[in-house]
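Peer 1: Each protein sequence line maps, in turn, to chains A and B.
With the first letter of the first sequence counted as 1, position 230 gets the number 230 in our numbering; the numbers rise by one all the way through.
With the first letter of the second sequence counted as 1, position 138 gets the number 138 in our numbering; the numbers rise by one all the way through.
It cannot be assumed that every hint is accurate.
Same chains, same names: a pair is fine if it fits in one copy or spans any two.
The list that follows gives simulated cross-link-like pairs (lysine to aspartate or glutamate, DMTMM-like), each with its CA atoms no further than 20 Å apart [what the hints assert, rightly or not]:
| # | residue 1 | residue 2 |
| --- | --- | --- |
| 1 | 149 | 111 |
| 2 | 149 | 198 |
| 3 | 149 | 222 |
| 4 | 128 | 112 |
| 5 | 128 | 57 |
| 6 | 149 | 327 |
| 7 | 149 | 57 |
| 8 | 149 | 112 |
| 9 | 149 | 256 |
Hints were generated in silico from the structure; no laboratory data involved.
The lines below spell out each chain.
Number of protein chains: 2
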Amino acid sequence: MTDGFALSCPIPDPGGDIIELAHGGGGLLMHRLIDRMIRPGFGLPEDGVAHDGAVFEVGSARLAFTTDSYVVRPLFFPGGDIGSLAVNGTVNDLAMCGAQPLYLSVGLILEEGLPIAQLQRVVASMRKAADAAGVRLVTGDTKVVERGKGDGVYINTAGVGAVRSGVALEPRRVRPGDAVLLSGDIGRHGIAVMAAREGFGFEGDIASDCAPLAATVMRLIDVGIELHCLRDPTRGGLATTLVEIAQAGGVVIRIDESSIAISEPVRGACELLGLDPLYVANEGRFVAFVPQHAAETALAVLRGGPAGASAAIIGRVEASGRAVLLDGMIGGTRALDMLSGEQLPRIC
Amino acid sequence: MTDGFALSCPIPDPGGDIIELAHGGGGLLMHRLIDRMIRPGFGLPEDGVAHDGAVFEVGSARLAFTTDSYVVRPLFFPGGDIGSLAVNGTVNDLAMCGAQPLYLSVGLILEEGLPIAQLQRVVASMRKAADAAGVRLVTGDTKVVERGKGDGVYINTAGVGAVRSGVALEPRRVRPGDAVLLSGDIGRHGIAVMAAREGFGFEGDIASDCAPLAATVMRLIDVGIELHCLRDPTRGGLATTLVEIAQAGGVVIRIDESSIAISEPVRGACELLGLDPLYVANEGRFVAFVPQHAAETALAVLRGGPAGASAAIIGRVEASGRAVLLDGMIGGTRALDMLSGEQLPRIC
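Required output: the full structure, derived from the provided sequences and hints.
Peer 2: Below you can see the structure in the form of structure tokens.
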């Protein structure tokens, strides 16, 4: 997931006078808010590099540090819940920094009236997800707000991980000639949450892809692949993630639409709902930029990951620039933009 | 601030079926929820030690890691705002672990309709507080929820700090003979927030004590004081904090009420409102347990801290046990309990 404070694109408009839902949608308006107000307000460079987390050294340790709040609605959906999402999301942000996730903090904001049995279910889910990802929930905080000032449970997790030696992942390291890999099929999380929220009939067929990605990333590092950049395409979907990397890395990325795996149920749901799957959120997928010569080896590793055979090489980096070009399945090429407005609020 | 997941006391009742405001109040009900459900749910020992954060080693670095969410209402109050609170609160939790605070993450949960100018004011306040405390805001996340699902801004901060070599602070290290020091007068934060919320006339006279405590703690360490336990008495106030330490440390603490500094305006406001200042929240004060022979040196350091001359030696640890005894100003001794119910919701 793109760190909310760490992406830049050159947009003149500050994004309005009041907060709208789209300011949290992962698209254009969110980037405007962050780049033109929050980052400068915190004294961070306005033209900062897109990151999933901060990397710094303490003593001999090179650490990654990241945070995300989770406000998904409904709390429970096929394939996951706010608890597994809150663990896996932060585990994955650490993994995208090339770090082995180690420790997580948990901040709970509970709404008065929440059944304690629901909280218990969320806590159990966090424990299970943490065990599966090999991280420890070590510190936390609990706050309660009045009825009508929250929505059941909001969860913040922050994570600390140990960055693997010699690994430096950022869009600026992406270069012409790199292969672009995608670890699996797209669109499952967004459609699963929307279906659960709206009570659509295809709910049972589509489960969120919510999963920990750290083991797969560590394997890529262990087999010696020279990784340039990793990113999980959550809010804003695959298209927005690729545009972020193209803009921050100063490159033109060319994608072959036919190579992007989309399951039949997701494709059908998107057609029914008028959604472009390229902009639908994912929670257990990532894109990897690697040198062309390492692409096949990396692909073999990805096919051993959570999404298995649907992992694919989906394109390449062509030149300096700031664009994403999509070669369509039925011919023609179009430039992709970031998500504009918001497709589905509170997806994570 | 006491870490919400890290305190234990032997209470049979699980705390009800639904979340009540008191579950976030810092008192008895919060401890029941955490000890009987959240900690066991996360696989942490139910009889864990009270902590303000987790301490672990990565490579050669000994790190402290802590988190808190901030839901204070109103957002702005005399002496601070949700932004300065969110920075200082986490800085202070790291300091209570004996750690030099280094890096903070920021998770923002914004309510649709929030004026961006208000957010800007909060961001500027966080920056100023971070600069004053010598920490860096390095990573973050922004979410937006619909109108009526939040309350302007909720902020989570997590923090990473470097634990000073040779320092290990926990209630179990408190022992009979220790002196109990308090870094300043009590009750300012709770009264300032309540006054701002309710529009009481004494608002202007009482400002929150919200302040960073790390520099004072580092000075205590640097002058060579053998620190046994530090704790900042936030939610639940000084009384609850002392009871937590007595229970977790297995000691009897005797406090001399006349040595506890309370400003005249705070005392007057408490009388007017029927509040016991011992249970009113603080944000820039801490208690320190040190060997008797180091008490005067420690006191001199505390008097150089934010609260200056109001720092005092307020008592001593007498024996093994699990109680806090208060010798009253007008004679008589009473045992203190934790805050029961909740005095003032959303104080931090």
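Peer 1: Hint by hint, say whether it matches the structure.
Peer 2: For each hint, the structure was consulted:
In the homo-oligomer, the alpha carbons of residue 149 and residue 111 lie at most 20 Å apart both inside one protomer (7 Å) and across protomers (9 Å), since each shortest distance falls under that limit. Proximity of residue 149 and residue 198 under a CA criterion of 20 Å is satisfied inter-copy only: 18 Å between copies versus 22 Å inside one chain copy. For a Cα distance limit of 20 Å, the shortest separation of residue 149 from residue 222 qualifies neither inside one copy, at 46 Å, nor across copies, at 44 Å. Taking CA atoms no more than 20 Å apart as the test, residue 128 paired with residue 112 passes in neither setting, with 26 Å inside one copy and 33 Å between copies.
In the homo-oligomer, the alpha carbons of residue 128 and residue 57 never lie at most 20 Å apart, since the shortest distance is 30 Å inside one protomer and 24 Å across protomers. For the identical chains of this complex, residue 149 and residue 327 are neighbours neither inside a copy (46 Å) nor across copies (41 Å), given an alpha-carbon limit of 20 Å. Taking the closest pair of Cα atoms, residue 149 and residue 57 never come within 20 Å of each other, the shortest separation being 39 Å inside a single copy and 38 Å across copies. In this assembly of identical chains, the alpha carbons of residue 149 and residue 112 lie at most 20 Å apart whether taken from the same copy (9 Å) or from different copies (12 Å).
Taking identical chains as interchangeable, the C-alpha atoms of residue 149 and residue 256 are never at most 20 Å apart, the minima being 45 Å within one chain and 41 Å between chains.
Of the hints listed earlier, those the structure fails to meet are numbers 3, 4, 5, 6, 7, 9, in rising order.
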